[in-house]
Amino acid sequence: MAEAPFRTPYPSYDVLAKWDTPSYNEATRKVLRDRLANVPPRRFFSEAQYALLRALIDTVLPQPERSEKDRIPVEAFIDDTLERNLGDGTRFADLPPQRELWPYGLDAIDREADAEHGRGFVELSAEDRHALLSRLDRDEAHKQIWRKVAAKRFFRHILLKQAVKIYYAHPYAWNEMGFGGPAAPRGYLRLGPDMRDPWEAEEQRPPQKAEKLP
Amino acid sequence: MSALVSDAQFRPRAKDGRAPDVFHPGRWMPMASHRDDELVDFAIVGTGCGGSVAAARLAEAGHSAVAFDAGPFYRPLEDFASDEREQEKLYWLDDRISAGNDPLQFGSNNSGKAVGGSSVHFQMVTLRFRPEWFKSRSNFGYGYDWPVGWEEMWRYYALAEDAMKISGPVRYPWGPKRGRYPYREHELSASALVLARGAEALGVPWSACPVATLSAPRGSAPPCVYRGFCKVGCATNAKQSMLVTFVPRAIRAGAEIRDLAMVGRIEVGGDGRVTGVHYHREGRWRFQRARNVIVAGYSIETPRLLLNSACPQHPEGLANSSGLVGKGLMAHSNNAVWGIMEEEIRWYKGPPSLAVCEHWNYMDHGKDFEGGYAFMSQGPLPTDFATSLVSNEGPFGAELRKWMAHYNHMAGLKMVGETMPQDENRVELSEETDGLGLRIPKVTFSYYDNDKRMIAHAEDFMDEMLRAAGASNRFRTSSTAHLMGGCRMGEDAETSVVGPDGRSWDIDNLFVCDGSLFPTAGGVNPSLTIVANSLRIADRIIELGRRGELH
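So the sequence lines, in the order shown, correspond to chains P and X. Read in order, the letters of the first sequence correspond to residues 1 to 214 in our numbering. Read in order, the letters of the second sequence correspond to residues 1001 to 1551 in our numbering.
Please keep in mind that the hints were generated in silico from the structure rather than gathered at the bench. Just so we're clear, the structure is a prediction, and the values are computed from it rather than from any experiment. A virtual CB, placed ideally from N, CA and C, is assigned to each residue, including glycine. Treat each hint with caution, since some may be false.
Stretch by stretch, here's where chain X covers chain P in the computed footprint (C-beta under 8 Å, at least three residues) [stated by the list, open to error]: (1) 40-54; (2) 58-64; (3) 104-118; (4) 129-141; (5) 155-163; (6) 176-188.
No farther apart than 30 Å at their CA atoms in a straight line, the calculated lysine-lysine pairs in the BS3-like style are these [to be verified]: (7) P:Lys18 - P:Lys143; (8) X:Lys1135 - X:Lys1367; (9) X:Lys1135 - P:Lys212; (10) P:Lys148 - X:Lys1135; (11) P:Lys152 - X:Lys1452; (12) X:Lys1177 - X:Lys1367; (13) P:Lys30 - P:Lys18; (14) X:Lys1452 - P:Lys161; (15) P:Lys161 - P:Lys69; (16) X:Lys1015 - P:Lys30; (17) X:Lys1135 - X:Lys1165; (18) P:Lys148 - P:Lys161; (19) P:Lys161 - P:Lys143; (20) P:Lys69 - P:Lys148; (21) P:Lys143 - P:Lys69.
Cβ-to-Cβ under 10 Å is the rule here; a few derived chain X residues that face chain P [as the list claims (entries may be wrong)]: (22) Asp1083; (23) Leu1093; (24) Asp1095; (25) Ala1099; (26) Gly1100; (27) Arg1155; (28) Val1225; (29) Arg1227; (30) Tyr1348; (31) Lys1349; (32) Gly1394; (33) Ala1405; (34) Leu1438; (35) Arg1439; (36) His1457.
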């Protein structure tokens, strides 16, 4: 069964429209100009690994309403992090270093797809991809495939976590969730419930119900 | 990590007799400059809530002091972006090996790498310890007593609050009477009002949270504009971090700060006393001579440096005859309950935690655990919230984007829960080395039964309060925040690393002055207590000097 596509409550909000206002300082402009204009080229992963990673990103954060040009290229920033081996301060004692872990995890996902469907992950339908990742997230995986890291741990705590860290740092993601975005030197005046400054997003329709919300 | 904004991360700024003026883009302030071969009174390792405070007070008392920081010297007005990803440059991102049953995540929640230390990205919650906690062993039978009484700490809290111009309420509902906060409290944000409403529904007290961001101008610093990026660095200087308070104060008083200067080893002379520090700056190792060394690198780097300084005179590391260096490391449990409100909250505005409930810090009945916890209203930025959401609940696909689109209706309550000191929760050296050839730390952390009982209690209580406030679709997340302990202070050499004045029991010209001294964690954010205790230790060191008892 296909999920209903995502629909933003803030269809007319554009955080980048504030670019020339006091909500943006020069440091922020430099950072966002770079993020939007200089998408890192693939350097760390092989072409096949990169295609697999792209398929995974399109499953965990599908962006069907965006053209290729407007799509948030999460995989490019993951590749860049690994190419430059940028750490986050923590190396869990029971996991291999990230430059070993990622290729291992991607390969394991492909082997899961092969074991279940006789095909690689990239060749699966959207439904099958989603179902496979759901199984990994329940740790219902082939144990012999996941010797170095548990399936759920790789999927949820490495892949998914890194993906949202990049996705929700992108101005287009701020638009869809109605986040105020850059706010220096001008911050906000109206702090109370249901209060909004003119430079904040206006909610034009209520957020969609998320089916798995508790 | 990038050089997009400035070269502060790659080129030292505080040198040649000048330091960045944090209040003005591009400007400088004059600074003392000592030669490496000059014997200074104090070499201080770290410039956070411990080191910058010690540097300022000792310099004001006429001592020469050089304070080293591994991180850059930022001018927030020109170096800080409104961007979570860019601002990761404020965190200590070097490899640390994390082990144990509940391994710690380092970086944003507990480790800074900049002049000013973690205070540059702290969330500004500035609460005092409950008085009885300073003698928790005597009063409650858990942990260790602090080698200082609460009345004395209370005096230093007042000094710390004044130095940081804390904005707080006129009346605080818990603990003994305290004076007025220097600045008036901030307007309560929608997220703070959720806590208030829930607390009143349950009949427990709540309060506007004392916070270290200005509610009125102070010198060159403007009042808070409620931009809400506090946790990734304040770009307007309203936040009263060490970078804009004690660091400039130290420089004005005659102390020298050296940025991008990583201290790798403390040198020891033939008499077993320390003689100075080896530090790496501008591509080479250098040696600063000093009469005394104060280690203020916080709960991981302080033990790491003491252990990495092992030498024939002190083969197990410096100050380690008790074997306690690195042990008794504590974090705060930082679990939370979240839910969706009918009204728009827009919790990205204002300091994230403007309301607090310390009920379970002061209530000793009706709980099945030792110690206490506070909890505060919340306002996480998008990636902070999203990573927490997926780690704990695991939504993905269109479902995840839908869930995140409720962001502006979300509210949350998050605990700061005391964990018990354990010898097994500790910092050790691994066999691996970093880019400078220094052995990297291995940190072991596990929750124990009491910690788990407290977390369960807090989650249930916060859930009840959030429900009473009107939140639907509630869910829970787990994490940790802050570090405390690792070089416990105490009254005797058997059970502590240093004495009441931060002085090593083993080496009389070696001191520790930071959060690693905490014998117990307390159920409140540690920064204010680190500052207050550092003011106290600085006074004791000055007094030792007056009595001729300093090296």
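message: Just to be careful: measuring from the Cβ of His1457 of chain X to every Cβ in chain P, is the smallest value less than 10 Å?
response: violated (20 Å)
task: Using Cβ atoms only, decide whether Ala1099 of chain X comes closer than 10 Å to chain P, and label the hint accordingly.
output: holds (4 Å)
query: Against chain P, is Leu1438 of chain X within 10 Å by beta-carbon distance?
result: violated (15 Å)
query: Are there at least three residues in the region 40-54 of chain P whose beta carbon sits under 8 Å from a beta carbon of chain X?
result: Coverage by chain X is violated for the region 40-54 of chain P (0 residues, Cβ < 8 Å).
message: Hint Gly1100 of chain X vs chain P: min CB-CB distance below 10 Å?
response: For Gly1100 of chain X, the interface hint holds, since the closest Cβ of chain P sits about 8 Å away, which is under 10 Å.
- request: Closer than 10 Å between Cβ atoms is the bar; does Lys1349 of chain X clear it against chain P? Give me holds or violated.
  value: Cβ of Lys1349 of chain X sits 4 Å from chain P, so the hint holds.
message: Next pair to validate is Lys30 of chain P with Lys18 of chain P; report whether the Cα-Cα distance is within 30 Å.
response: holds (14 Å)
- request: Given the hint that Lys18 of chain P pairs with Lys143 of chain P, test it: the Cα-Cα distance must not exceed 30 Å.
  value: The given pair, whose Cα atoms are some 50 Å apart, is violated under the 30 Å limit.
query: Any CB of chain P closer than 10 Å to the CB of Asp1095 of chain X?
result: holds (5 Å)
message: Hint check: Lys1452 of chain X vs Lys161 of chain P, CA-CA at most 30 Å. Holds or violated?
response: holds (25 Å)
query: Between Lys1135 of chain X and Lys1165 of chain X, does the CA-CA distance stay at or below 30 Å?
result: Judged against 30 Å, a Cα distance of about 28 Å means the pair holds.
field: Hinted pair Lys152 of chain P and Lys1452 of chain X, Cα distance within 30 Å
entry: Answer holds: Lys152 of chain P to Lys1452 of chain X is near 23 Å, not above 30 Å.
Checked against the numbered hints above, the structure violates hints 1, 3, 7, 9, 10, 20, 21, 27, 34, 35 and 36; every other hint is satisfied.
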